[in-house]
Structure formats: structure tokens, C-alpha cells
Amino acid sequence: MEKNLNAELDALIEEALCQPPEISVPDGFTDRMIASVARHFIWKETLRDFLYKCLIALGALAVFSIIFFFVAIQSPDILVATFKEQWKFVVFAASIGFFVLFTDQVLLRYLFRNSRSFA
Amino acid sequence: MNDVDLIAQIRCGNKNACRILVENNKNLVWHMVLRMVNQPEDAEDICQDIFLSVFRNIGNFRGDSKLSSWIGSIAYHVCIDFLRKKGKEKMIFSGNPVVDDKKGSPVNMTAENIDRSRLKAVVHDLIDRLPVSYRTVITLYHLEDCSYREIAAITGMPEGTVKSYISRAREMIREQVVRLIPDIRPVLFEI
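Respectively, the protein sequence lines represent chains D and X.
If you're matching positions, the first sequence starts at 1 in our numbering and goes up one per residue.
If you're matching positions, the second sequence starts at 120 in our numbering and goes up one per residue.
Isolated chain D, as found in the complex (with noise of 0.2 Å):
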């Protein structure tokens, strides 16, 4: 009698075990997730972007050098000393020019994002 009351209360405790909680899936929910996996994935992407963009233009940097270089050959001291005198004004611009593209490709998007998702 003992042993039929402990199976008795063991298939009812099955049966509970084998219930789900309450509280269902939302709805929406896997919209939800993907969403915010994409905002992540996306800031990852944007900051890879930005760092393409800045190869890409020192590559350039690099090429219009070279060509410079050899049209200028002749005369090489007039480019060394023209260099050293204007260093400041072309790290000044090359600031700039960085700092325009951070902003424009990294720092304004990922403002516009945030300002989108506390809306």
C-alpha cells in the first residue's frame, strides 16, 4: 500500500515536473534578440569599416609620396627642407582629416544609434 502511494505521488510529481513555467515565451521575442545582436554586431562592423577607410587613405598617402618623390628626384633637399619646415601645418591636416572621418563614420552613427534606441 506504501509502495503505491510513493508511485502514486512520484507520477504526480512527474507530471508537475513536466509542466512548463507559467510564464510563456513574450511574444516578439526572437525579433527582439536578433535586434539587439545586430546593434552589437553593427558598432563592430562600423569601427572595422572606419579602420579600412584609414588604410585605404594612407595607402593613397603613400602612393601620392612616391610619385612626389620621383618627380620631385632632381632636386631632394628642396622637398627634405620644405618638409621640415612645414611638419606642423601636415600633422595639423592629417589631424584634422582623422578626426573628420572618426566623426563622421564612428562617432555620429553611434550617437544617432543611441539617441534612436532611448526613443
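Be a bit skeptical, because a hint or two may be false.
[Said to hold, decoys possible] With a straight-line Cα cutoff of 27 Å, these simulated DSSO-like cross-link-like pairs (lysine-lysine) come out:
no.	chain 1	residue 1	chain 2	residue 2
1	D	Lys-44	X	Lys-145
2	X	Lys-239	X	Lys-185
3	X	Lys-145	X	Lys-239
4	X	Lys-134	X	Lys-185
5	X	Lys-282	X	Lys-145
6	X	Lys-282	X	Lys-185
7	X	Lys-185	X	Lys-145
8	X	Lys-134	D	Lys-44
9	X	Lys-134	D	Lys-53
Hints were generated in silico from the structure; no laboratory data involved.
Quantities reported herein were computed from a predicted structural model and do not represent experimental measurements.
Given the coordinates of chain D, work out where chain X should sit on it, guided by the hints.
Same frame as chain D, now just chain X:
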């Protein structure tokens, strides 16, 4: 689409493959989170962390186990981390009395005032009071139909421990039910 194809598609950036992965595993993740964390208000945020971690580490999946087991193991570790942060990783069975949902007071349960469906609710309440490892293994075994091997892969426990946790969890619930309702025979046999 099998696991290998699905992962290959996800690595190529196929959004539909990502959707299939979430759709196929949402119940497993949701049930694990609800049972382990026991806080419905935090469940969706935790699920989000789990799926983010899944997609971030999809390149590390070696195919030694089923994809669902691998996702389950990520869910298990994220939930354990969450409980550790909140300091709620219970290791012992809570002896608190089962409370009435409506009144918030301990229920005076006798064969006269309890029926079979109420008894099931009591069992659910007792499941929530089990230590987290026990809750997890019985959820995976009974609700998700996972094998001992799959549960071992998810939790990192040896298979023997999984088996003993499942039987111990059932034993704990049975003991508590009998303690709470000593004259349970009429309820079970609907006399």
C-alpha cells in the same frame, strides 16, 4: 538545416540563420533562465546576454556536442554568474513554508482544502526552493527531455552526479510534500 550548416550560414552573416538559431533554442534558454534565476522581470535581459554570448563565440563551437547543449551550457554559466552577482546562489534546500500566492501567508494544507491541481502548484513552489543545481538538472531532464549526457555537457557535472541530483531532487520534493500534507492519500487517490 543541420547544426554545421546553420553555423556556417551564421558565420557568413546570414540573418535568417541567426533567426533560426534563436527560434530553435528560445524555449530551452527561456525555461532554464526562468527556473534558475526565478525572476521573470530579469529573464529577457538575461536571455539577451545569452544569445549575444552565443553569437560572439559561435566561432569557438567545435561540434563535439549538440548545438543546443552548447547553447545550454552558455545559458547555465550566464545564469550562474547572474546569481553570483546577486548573491542568490542557494546551495541548500530552503525550508521556508510554502506560501499562499494570494494571501502571502503559510498555507494550512490538509486533504480537505487541497486538490490535485493545487498540489501541483505546491510541487512547483517546492521546485523553486531547490538549490540551483538541482533545479537546473530536473528542468533539463523533465522539461527539455535532455539525456544525462546532454545535461552533463550543459552543466559540466559528471553523468553520475546528474543522475544522483535528479533522484535527490525528486526525493526532496516528495519528503516536503509529505511533510506539508501528512494525510495526502485522499488527494492522490481522489477519495
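We went through each hint and held it up to the structure:
1. D:Lys-44 / X:Lys-145: holds, 25 Å
2. X:Lys-239 / X:Lys-185: This hinted pair is violated, its Cα atoms lying about 32 Å apart.
3. X:Lys-145 / X:Lys-239: It holds: about 25 Å lies between the C-alpha atoms, which stays within 27 Å.
4. X:Lys-134 / X:Lys-185: holds, 21 Å
5. X:Lys-282 / X:Lys-145: Satisfied, since the Cα-Cα distance of roughly 25 Å is no more than 27 Å.
6. X:Lys-282 / X:Lys-185: Holds - the C-alpha atoms of X:Lys-185 and X:Lys-282 are around 20 Å apart, at most 27 Å.
7. X:Lys-185 / X:Lys-145: holds, 15 Å
8. X:Lys-134 / D:Lys-44: holds, 16 Å
9. X:Lys-134 / D:Lys-53: holds, 25 Å
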